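If you read the sequences in order, they're chains A and B. Counting from 1, one number per residue, gives the positions in the first sequence under the working numbering. Counting from 1, one number per residue, gives the positions in the second sequence under the working numbering.
Read the hints as simulated data drawn from the structure, not as lab findings. Please note that the accuracy of each hint is not assured.
Distance windows between CB atoms, simulated [said to hold, decoys possible]:
1. Val213/B <-> Asp37/A: 25 to 31 angstroms
2. Thr235/A <-> Asp285/B: 42 to 48 angstroms
3. Val213/B <-> Gly233/A: 48 to 54 angstroms
4. Gly236/A <-> Glu117/B: 39 to 45 angstroms
5. Asn136/A <-> Lys71/B: 25 to 31 angstroms
6. Gly233/A <-> Gly254/B: 48 to 54 angstroms
7. Ile212/B <-> Ser177/A: 41 to 47 angstroms
8. Asp264/A <-> Ile212/B: 55 to 61 angstroms
9. Glu117/B <-> Asn136/A: 31 to 37 angstroms
10. Asp264/A <-> Lys71/B: 57 to 63 angstroms
11. Thr211/B <-> Ser177/A: 47 to 53 angstroms
12. Gly254/B <-> Gly180/A: 32 to 38 angstroms
13. Thr211/B <-> Lys285/A: 57 to 63 angstroms
14. Gly233/A <-> Thr255/B: 51 to 57 angstroms
Every value quoted in this text rests on a predicted model; they were computed, and no experiment measured them. Think of the CB as a built atom: it goes at the ideal place given N, C-alpha and C, for glycine as much as any other residue.
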Amino acid sequence: MKKILSSIFAILVAVSAMAVDPSEITIYINPGHGGYDSDDRVMTIYPFESGDTATFAESKSNLGKGFRLRELLWEKGYNVVMSRVANTTADDLGLETIGLLANASGAEIFLSIHSNATGVAARRNFPLMLYRGYDNEPVIEGSLEWATYANTHLLTNQATVWTSTNLNVRGDWSFQSSWGTQGYGVLRRLTIPGLLSEGSFHDYIPEAYRLLNSDFHWIEAWNFRKAINQYFGVTGVDYGAIAGRINDERILRGAEATYIMYDDDKLMPMHKVTIELYDETGTTKLEERTTDELYNGIYAFRKLTPGNYKLKFIKDTHYPVEMDVTVNADEISYVNAKMKKIRSTAPEVVSYSPVWQDGDDGVLCNSPIVLNFNWDMDTELTEAAFSIEPAIEGKIRWEDQNYRMIFTPEGTYNTSTKYTVRLNTTAAHPDGLTLKEPFEFSFFTNDRNYMSLTGQFPSDGDQVHYTKPTFELRFDRFPNGTGATGCITILDSKGNKVSLNGRTLKTSNNAIDEFGYIKVTASKDLTPGETYTMTISENLKDYDGITLQKPEVVNFTAVNAGEAKSDVTIDEMEDATIYAQNENGCANLTSTTVSANSDKLFGSKSVNFAYVFTGVEGGEALWTRTVEVEAQDATAFTSKDAIGVHINGDLTANEVYLELTSDIEVKYVKVCDMTFLGWRYVQIPLNSLGEGVSYKFTGVKLSQENNGMSRTGAFRLDNVNLIVDGALGVEKVEIADLSVYPNPASEYLIANADGMVDRIDLYSMGGAMVASAIGNVLNVSEVAEGTYIANIYTAKGCTVRKIVVKH
Amino acid sequence: MRKYLLTLVAVACLTSHAQIAQVNSTEPLLRGVENEMFYPVLNQDGTKLLFTSANCQGLKMYDFNNDVTIKISEAERAGLDASFSADGKEVYYITQVQKEGKNMRQAKKFDLASKQEVAISSEGRLVARPVAVKGGVITSVDGRVISPVSLKTAVRVQGTKLFITKNGVEKSYTPIEKSAGYLWASLSPDETKVMFFAAGRGIVITDLNGTIVAELGNYESPVWFGNNHVVAMNAKHNGYQNISSQILIMNVDGTQIQELTKPESMTMNPTASFDAGKIVYNTIDGRLYQMNISLK
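Next up, chain A with everything else stripped away, as it sits in the complex (with noise of 0.2 angstroms):
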């Protein structure tokens, strides 16, 4: 490494020794881009709208400072030779010709000027030189030493703020390894020394901003001929200049720059600052300069006869600055400047909130305390100034380059209680005034200061059934949504998250319930027997940034509810037609409707129950089914059987029935609370109907619960099972190997099954026995044509079979 320092060091002393004649020199300059095309790089920056080319473009930027240094290299004799002198798509010529041009220009050194972009967030500002071949082995002799003197100029800038100063010159088969030796398209046709510049990174904002300056373009402009003379040998110019950056001493960027910023770029840049130009005594003026309004303060005078001046820094709302500067031949002497405000009355504050008086509602228990002030405020005295009673924590923060005061609790302040909030005559700006009496005001805050959790599921211990499992979570006021999944995490007994499907989150409130919900399915199925935990973190807030008082954490299992069951389906719920309301067995009820869905358990539907109560409370919803109860053979159950429901609850707490209807009477069995979402088994013993006595199933009531969730809602339910002797404690197995046939049978039935098969009873479909075997073998050749039911016992248990006879 040394040895190859060495040799660099020995062809940059013998490329700078020689000199000649600029006027036999041509330069090629390649303003880079061209034409706020595709291939432009453009940065739509405050105060510009997108599409107004007066934001930064780098094609703009590029092409000022090749004018610039066209206009420096040509006073000092060199010929120029400019790739574009428009700003047009057609100007953006073919990378190779533009390298061809130059060749067939005949000039002695290429320029290809750009600016830089990470197009991260990691932003940086420092030159980057190019050249084309490896790092320190260029293809064409000379293009290091170009590339090597423009970088250490460029660095010299100080009207900038740097991130590195580092010498950053590279090989471009180095520096985009991945391209092989292609290399940069401009440079690979050139046959002269060449460098393509990335002057400074045009995403480092308040670089952009300075890159829409013209002064700061003649800047840039100015140290590539002192590269170039440099170059060649050329003595440099006779005169200097002045250059600089002004900002306000104290004062930051306004709220739009949320941009990263380094050092002084995070002071307000000053606009419209006249700077005079003074001789030695600073009695005569000479020039004068004013800085423009695009956040960058940039000032140049860019040819003064060296010696000494005085510039004066001036701007009607801030204290003049007077600085003496020294102008050396062919240098540019950097003054950048910070200008005090002037704060010529006591501060005070012009107003403030929450404002409240004797008579008005209290105010939100989160309510920021804002103080605005005349001036902007020394930060440091007015916030010591500041006091609360009750006393708080909170943090305090500034805005509107410390006009503003914000004070934001830590949690919420208590409810119903008056606070007073105290400034006293300490608090002062930065010219040292300070209030002139204590400022004051109260308010009162109301009785809310946490988000209460009103209904959930899961509850702790619920069973949630596993496939496109949805939580939802029930406020008594409307929950903000953004960041909401954040704040709910599952976790499995293993620790494994279960991520939430973000597109599924819906949040609402209920205007008329007053209730707001967040619900939110899982991302991917629950895996059935396994524990779950979920946590609700107490930053849940709802739109007033009212927040849990504390987490909530429940657990729960995950279920299988549409596991096969043994029994003998009365209602597989395929067809919502055979339900329809019945008046008579309505009450409060605004609406309601029967359709079929595709949420279903088994078969290709389920059959969904919407409703809409007029109220909270003393709701009736009776739908009737039309065609089960007309057949001859509709299952009937009695109170020895037990009925299963699969049903998909709607979180309102409203209770479900069936109803059971016999020659004498009907019954209505509940089913259950609905205080869950999604799909659950229910199993229901018939032993509260009438002994001996045949039901039919005739329909499902809906009685509303007395709550703020339960006005409106809808369930579905799939197959509606019938267990025989399910209320007498005959346990129901399902034999994997059992078979039963012929079915339709005939003459005989015939059960077989891995253990010996006890006994064989048929039931009719409305509860009667009408044959039975022990053993596995039952005659049916005197039983009348139809659908039975067969209950086959074996040592494992009873299991059901529905059954056709047909001769």
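Assemble the complex: chain A is given as a structure, and chain B must be docked to it using the hints.
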């Protein structure tokens, strides 16, 4: 109006979908023999091919007839502006050296029979691309034109000047006013038309009086394929590198165009021999391909 629109549609279809040539075959050249081959140049009958390195240093010639590659020059820049003489017996090129920061160039010729290199110009800073003409070569050194005495018809460019020699008299023209420069000037084989590239505008065809007769579009590296067709490259870039590049063939009146390679093929710098029905081009990574075509 309806008829006019229909005519426009018909022309648009013709322009975009017309088949000018039949591609009979495409094959790699010198695969496994040379590592990188750029900027190919065919002689008129398509029997010899010049090529160079990625940096245009050195110049080699491949002879299709005997499958032999010879070295023409090892000089810097020799591969940038190389060409064959009209009779194919000599090769013209420019070499370059740096002296006190200046790039000093010299036009040279290489006699393929004697294998001797001879300077055809003095050393200068600005040496124009040697253009083969009947009876010799035309070039210039720092503005001083070098041409054969018997020169009748020729064309060359310098900056944004198009120089056309007609009946032995050279005149300058600026057919395209706003351009960053002209490149790739050439005469049609029948010496009735001039083709050059105007940066920012594209390929321009003029008569021998410098009057524009057609503009073929903003394509680069145009070469003649007979008197009525032009082969060129169509490259797109993102400001830093080419993102697509393909070879096109088009009618000299600009009415028809046909893609010979796909945009993503990154094929470029075509050279053509109408006599041999042959187009040779390089890929961006330095492979040479020969495409055999026949006009429809």
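Beta-carbon spacing of Gly254/B to Gly180/A - inside the hinted bounds 32 to 38 angstroms or not: holds (36 angstroms)
42 to 48 angstroms as the expected CB spacing between Asp285/B and Thr235/A, which holds or is violated: Since Thr235/A and Asp285/B have Cβ atoms about 45 angstroms apart, the given range 42 to 48 angstroms holds.
Please check whether Ile212/B and Ser177/A have a Cβ separation lying inside 41 to 47 angstroms. Holds, at about 45 angstroms.
Does the hinted range 39 to 45 angstroms hold for Gly236/A and Glu117/B at CB? holds (42 angstroms)
Regarding Thr211/B and Ser177/A, is the given constraint of 47 to 53 angstroms on their beta-carbon distance met? holds (50 angstroms)
Holds or violated: 48 to 54 angstroms for the Cβ distance of Val213/B and Gly233/A? Given about 49 angstroms between the Cβ atoms, the range holds.
If you check the beta carbons of Thr211/B and Lys285/A, does the distance land in 57 to 63 angstroms? Hint holds: Cβ distance 59 angstroms, inside 57 to 63 angstroms.
Go ahead and decide if the range 48 to 54 angstroms is satisfied by the Cβ distance of Gly233/A to Gly254/B. holds (50 angstroms)
Regarding Gly233/A and Thr255/B, is the given constraint of 51 to 57 angstroms on their beta-carbon distance met? holds (55 angstroms)
Against the range 31 to 37 angstroms, how does the distance between the Cβ atoms of Glu117/B and Asn136/A compare: consistent or not? holds (32 angstroms)
For Val213/B and Asp37/A, compare the CB-CB distance with the range 25 to 31 angstroms and indicate the outcome. Given a distance of about 30 angstroms, which is inside 25 to 31 angstroms, the answer is holds.
Asp264/A paired with Ile212/B, Cβ distance criterion 55 to 61 angstroms: About 56 angstroms separates the Cβ atoms of Asp264/A and Ile212/B, which means 55 to 61 angstroms holds.
In summary, this structure violates none of the numbered hints.
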